[in-house]
Amino acid sequence: MSFEAGDTVELLNELPEAFLAVTELGEVLFVNRALTALTGYDADDLVGKDISTLLPTPERRRVQVIEWFGRWANDPDSEQLRYLNLELLTRVGDTKLVSVRVSKHDIQDKPCFLVVLRDVTTQHETMAALRHAQLVTNRILAIGEDAILSVDSEQKLIYWNERAAQLFGYSESEIIGQPLSRLLPPNMSVDHSDLVTSFTAGKVASRMMGERGEIFGVHRDGRRIPLEASITKTTIDGQTVLSAQVRDITERKLREQALVASEARFRAIFEYAVEAMVLLSPDGRVLEINPAAKALLPDFEASKYFWELDWWHEQADPQVVQQSREGLRESVGRCLAGEVIRVRTHLGGTREVDFSMLPVNDADGRVVYIIAEARELNATGDHA
Amino acid sequence: MPKVVFIEANGTVHEVVASAGTSLMQAAVSHMVPGIEGDCGGLCACATCHVYVPDEWQAKCSAAKELEQSILDFAFDVNENSRLACQIELGDDLDGITVTLPERQY
Ligand code: FES
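Those protein sequence lines, which keep their order, are chains Y and D. For the first sequence, our numbering assigns the number 384 to the last residue and increments by one with no breaks. For the second sequence, our numbering assigns the number 490 to the last residue and increments by one with no breaks.
Note that these hints are calculated values from the structure, not bench results. Heads up, a few of these hints could be off.
[Unchecked claim] Okay, derived cross-link-like pairs now, DMTMM-like style, lysine to aspartate or glutamate, Cα gap no bigger than 20 angstroms in a straight line:
(1) K110/Y x E59/Y
(2) K294/Y x E352/Y
(3) K449/D x E67/Y
(4) K96/Y x D457/D
(5) K387/D x D439/D
(6) K444/D x D476/D
(7) K233/Y x D191/Y
(8) K387/D x D146/Y
(9) K444/D x D457/D
(10) K449/D x E79/Y
(11) K304/Y x E326/Y
(12) K49/Y x E27/Y
(13) K203/Y x E172/Y
(14) K104/Y x D50/Y
(15) K387/D x E162/Y
(16) K49/Y x E24/Y
(17) K449/D x D75/Y
(18) K96/Y x D42/Y
(19) K253/Y x E174/Y
(20) K387/D x E172/Y
(21) K233/Y x D146/Y
Based on the sequences and whatever the hints tell you, model everything.
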């Protein structure tokens, strides 16, 4: 079989890509069927017309189509052809974006451009939407409170946000491409690298790091930073990217330490106080008592109500005991309402005790504890 | 480290600090300034990094080459202050440069 000259038009018409031939001056000589399908025009509507019918100078831009055909025909490998699109106006007035390929050829001794057009409207819109979404996401990541970083399958850093830069002291341009081990204490980086490898191979998509103990990062200046981190992996085309969200917990650690210290101070006061001290819940149940109180209450049982404790001498008059229990109970109620209480109670015999109760409020003003103190008056010689 | 101010068409101001030697386009893209795309990565082939450089800074920027002039055909709303940001290299002489962005890049 051989190719006949007469087949040419038929062949061009059957081309799956839209094709047209136009003179250097812009007169359309030929359009194929795919082009009429793309534009909605019949061949007769276009042949003999100026190319601007189809590819007008776009609004708000200066593109002169024929001039650009000339440039691209001279440089068919131009990078620009990958990025620059023309606007095609269809018969019904819709605009489509087309990418073009152009070559030059003489037809009947007249220099002409042979042009292939491809509709890239959808791709272009998708790309623009993606770029927009990416920009929004990137801006969110960038302002995030937490440091975010990603590594590739070789554990080299490929993403680094602003917080990460602040946390570790390296700018994005310094750290991208560097190994993750740069950010880890030397004694930890080998183990950590194994953990990363096993996480990459494992089935879990995301998890908290540091389940096996505290984790630390290393600042550029060598300072160790206690961290909390969670990690997630994304595998696309066999390439795994691990991303971590990292938080500096130095502050939290300091707060915890401060809390432990204040607890220790409180313990010291509570345990070594000469006064009997009892810590109550707002409903009057005993939470803790100190050694001085235990000395007064040898048979102490936790979680009783304060007024049920055995303060009284065993020979005390039951009626008096009953009355003073009621009195204490009522005092707890008043203390809960915010009052500072002082009551004196006979324990039977010559024993007499001064009780004071003090409400402890939280930041919202609610009573969360009641501190009760008991002082045995005649024991200290402080008899009234 | 020259400071650069990008003003979006809607007036939003982005102040960034770029490293000397990078282009104005890279400074915008790496600081996620909306309104500059830089599709071709600085090859002067896409016209999506169009900016307006005010007269007082024009003189300090290297003049636009012919290719840049012609690619600007594809940018929107081009005027005599139009430049492609990828063709402007930032140096200390451009510290403080303020450019405005067009309404659209494509
Ligand atoms: S980034 Fe493509 S022309 Fe400037």
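K233/Y and D191/Y were given as a pair; does the straight-line alpha-carbon distance stay at or below 20 angstroms? 19 angstroms, holds
Just to be careful, I want the Cα atoms of K96/Y and D457/D compared with a cutoff of 20 angstroms; is the pair within it? 18 angstroms, holds
Satisfaction of hint between D42/Y and K96/Y, Cα-Cα up to 20 angstroms: Roughly 17 angstroms separates the two Cα atoms, so the pair holds.
With the threshold set at 20 angstroms, check whether the alpha-carbon distance from K104/Y to D50/Y stays at or below it. It holds: about 18 angstroms lies between the C-alpha atoms, which stays within 20 angstroms.
Check whether the Cα positions of K387/D and E162/Y lie no farther apart than 20 angstroms. At roughly 17 angstroms apart (the allowed maximum being 20 angstroms), E162/Y and K387/D satisfy the hint.
Sort out whether D146/Y lies within 20 angstroms of K233/Y, counting only the CA atoms. 18 angstroms, holds
Check the hint pairing K449/D with E67/Y against an upper bound of 20 angstroms on the C-alpha distance. 18 angstroms, holds
What's the verdict on K253/Y and E174/Y, does the C-alpha distance respect the 20 angstroms limit or exceed it? Violated - the C-alpha atoms of E174/Y and K253/Y are around 29 angstroms apart, more than 20 angstroms.
Measure nothing beyond the straight line between the CA atoms of K110/Y and E59/Y; if it is 20 angstroms or shorter, mark the hint as holding. 31 angstroms, violated
Going straight from one Cα to the other, do K449/D and D75/Y come out at no more than 20 angstroms? Holds: K449/D and D75/Y sit about 18 angstroms apart, inside 20 angstroms.
Would you check the hint for K304/Y and E326/Y, treating anything up to 20 angstroms between C-alpha atoms as holding? 15 angstroms, holds
Straight-line Cα separation of K444/D and D476/D no greater than 20 angstroms? 11 angstroms, holds
Hint check: violations occur at hints 1, 8, 9, 13 and 19; the rest are consistent with the structure.
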